[in-house]
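Top to bottom, those sequences are chains A and B. Quick note: the numbering used here has the first sequence finishing at residue 228, numbered continuously throughout. Quick note: the numbering used here has the second sequence finishing at residue 228, numbered continuously throughout.
The hints are simulated quantities; they were obtained by calculation from the structure and are not laboratory data. Incorrect hints may have been included.
Given that identical chains are not distinguished, each listed pair holds provided it fits within a single copy or across any two copies.
Unchecked claim - Subject to a maximum C-alpha distance of 27 Å in a straight line, what follows is the list of computed DSSO-like cross-link-like pairs (lysine-lysine):
id, residue 1, residue 2
1, Lys63, Lys187
2, Lys194, Lys62
3, Lys44, Lys81
4, Lys187, Lys81
5, Lys62, Lys44
6, Lys81, Lys194
7, Lys44, Lys187
8, Lys63, Lys44
9, Lys194, Lys44
There are 2 protein chains.
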Amino acid sequence: MPKSHGSDIDALIQLLAKLPGLGPRSARRSTLQLLKKRDSVMVPLAHALMNVADKVQICEVCSNIDTHNPCHVCEDVRRDRTTICVVEDVSDLWALDRSETFRGQYHVLGGTLSALDGIGPDDLTVDSLIERVRGGEIEEVILALNATVDGQTTSHYLAEKLEEFDVKVTALAHGVPVGGELDYLDDGTLAAALRARGSVSS
Amino acid sequence: MPKSHGSDIDALIQLLAKLPGLGPRSARRSTLQLLKKRDSVMVPLAHALMNVADKVQICEVCSNIDTHNPCHVCEDVRRDRTTICVVEDVSDLWALDRSETFRGQYHVLGGTLSALDGIGPDDLTVDSLIERVRGGEIEEVILALNATVDGQTTSHYLAEKLEEFDVKVTALAHGVPVGGELDYLDDGTLAAALRARGSVSS
Chain A
27 MPKSHGSDID ALIQLLAKLP GLGPRSARRS TLQLLKKRDS VMVPLAHALM NVADKVQICE
87 VCSNIDTHNP CHVCEDVRRD RTTICVVEDV SDLWALDRSE TFRGQYHVLG GTLSALDGIG
147 PDDLTVDSLI ERVRGGEIEE VILALNATVD GQTTSHYLAE KLEEFDVKVT ALAHGVPVGG
207 ELDYLDDGTL AAALRARGSV SS
Chain B
27 MPKSHGSDID ALIQLLAKLP GLGPRSARRS TLQLLKKRDS VMVPLAHALM NVADKVQICE
87 VCSNIDTHNP CHVCEDVRRD RTTICVVEDV SDLWALDRSE TFRGQYHVLG GTLSALDGIG
147 PDDLTVDSLI ERVRGGEIEE VILALNATVD GQTTSHYLAE KLEEFDVKVT ALAHGVPVGG
207 ELDYLDDGTL AAALRARGSV SS
């Protein structure tokens with residue numbers, strides 16, 4: 027084991043290498059960059075991490091991860107309170123909210139039903155979703171789960187669960203991604219896009 | 027600006043995006059990962075950063091960056107004290123030391139001479155290198171600068187400067203990288219490898 031630097035620096039490299047997108051090589055590069063920019067990046071990053079770690083919690087309403095509870099989405103009075111968009115993971119919530127198309131509420135399931143992995147409804151936040159819908163204010167539930175087998179199974183399960191309530195249950199449209207080339211799309215997507223074709227207004 | 031999370035989390039994403047290899051997208055993914063692994067990654071990473079930031083300093087002997095001064099390399103009594111390997115940057119020192127071939131001393135120049143960027147000998151650690159050689163213990167100086175125009179110019183400059191001392195001045199060999207295919211190599215490398223060809227012992 028070469029010792030061109032101390033074990034503290036080694037420990038830092040090991041931890042950075044755990045981040046997605048950073049392998050051992052880029053963790054070393056990042057560490058060097060941090061060492062060289064001690065005051066402008068390293069110390070602020072340490073403080074930012076400590077600060078967020080102190081405050082991070084799971085929103086008791088929608089299970090979003092945030093520094094507030096209820097989270098910024100649930101707290102925002104300008105957002106529509108009659109629509110809930112159900113997503114698998116916090117990353118999906120962030121992605122949808124970046125698109126700035128949806129200004130309603132969210133509900134983070136925490137995964138999908140999966141017989142293989144032994145994940146049932148009790149492992150997800152299904153009950154709290156039902157409770158929110160039972161509350162009466164909700165008019166539409168948008169199922170924005172991934173277009174995978176497990177995601178679609180979970181969508182069907184939730185749609186059935188929600189049948190007894192007076193809410194509209196919708197799902198994201200399937201189709202050609204914007205900017206996508208037909209030649210590169212799989213048959214399933216093309217078939218779905220054809221089935222869901224719409225008239226062109228001129 | 028969507029507000030699916032607090033400004034503290036935003037600040038963390040911005041800082042992580044400054045690391046080499048992490049763009050805005052992977053900084054967001056990393057942040058989410060950190061939020062989900064608060065106790066196992068986020069808090070240890072914050073402590074590791076703080077710990078290293080407190081201790082980091084530049085070695086007064088060789089200009090390596092380390093948590094010790096003199097650094098781990100200069101402090102190590104098992105290393106050969108008669109050979110100095112001159113490198114441009116700390117990253118080169120780390121890379122050479124990982125190869126575990128060289129067990130002597132290092133000297134970090136801090137860059138290369140560059141007329142275009144206005145970098146002269148006074149901006150580099152040339153004087154402290156001369157002082158180390160003047161000390162008398164050194165028998166060989168290995169110039170391990172990059173094979174760029176600036177790197178080679180700096181090598182020539184240093185070789186001239188070192189002429190007055192009784193030391194051997196050497197440079198890294200040029201040639202075919204181990205595992206490299208001739209077809210993909212540039213003409214300059216091939217020419218250098220041909221010129222420096224050696225006899226095959228059998």
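Taking the hints in turn, this is what the structure says about them:
1. Lys63 / Lys187: For Lys63 and Lys187, the Cα distance exceeds 27 Å both inside one copy (54 Å) and across copies (32 Å).
2. Lys194 / Lys62: neither (56 Å within a copy, 32 Å between copies)
3. Lys44 / Lys81: both (22 Å within a copy, 23 Å between copies)
4. Lys187 / Lys81: Neither way: Lys187 and Lys81 sit 34 Å apart in one copy and 57 Å across, limit 27 Å.
5. Lys62 / Lys44: Answer is both: 21 Å inside a copy and 13 Å across each meet the 27 Å cutoff.
6. Lys81 / Lys194: neither (36 Å within a copy, 59 Å between copies)
7. Lys44 / Lys187: neither (39 Å within a copy, 45 Å between copies)
8. Lys63 / Lys44: Answer is both: 21 Å inside a copy and 11 Å across each meet the 27 Å cutoff.
9. Lys194 / Lys44: neither (42 Å within a copy, 44 Å between copies)
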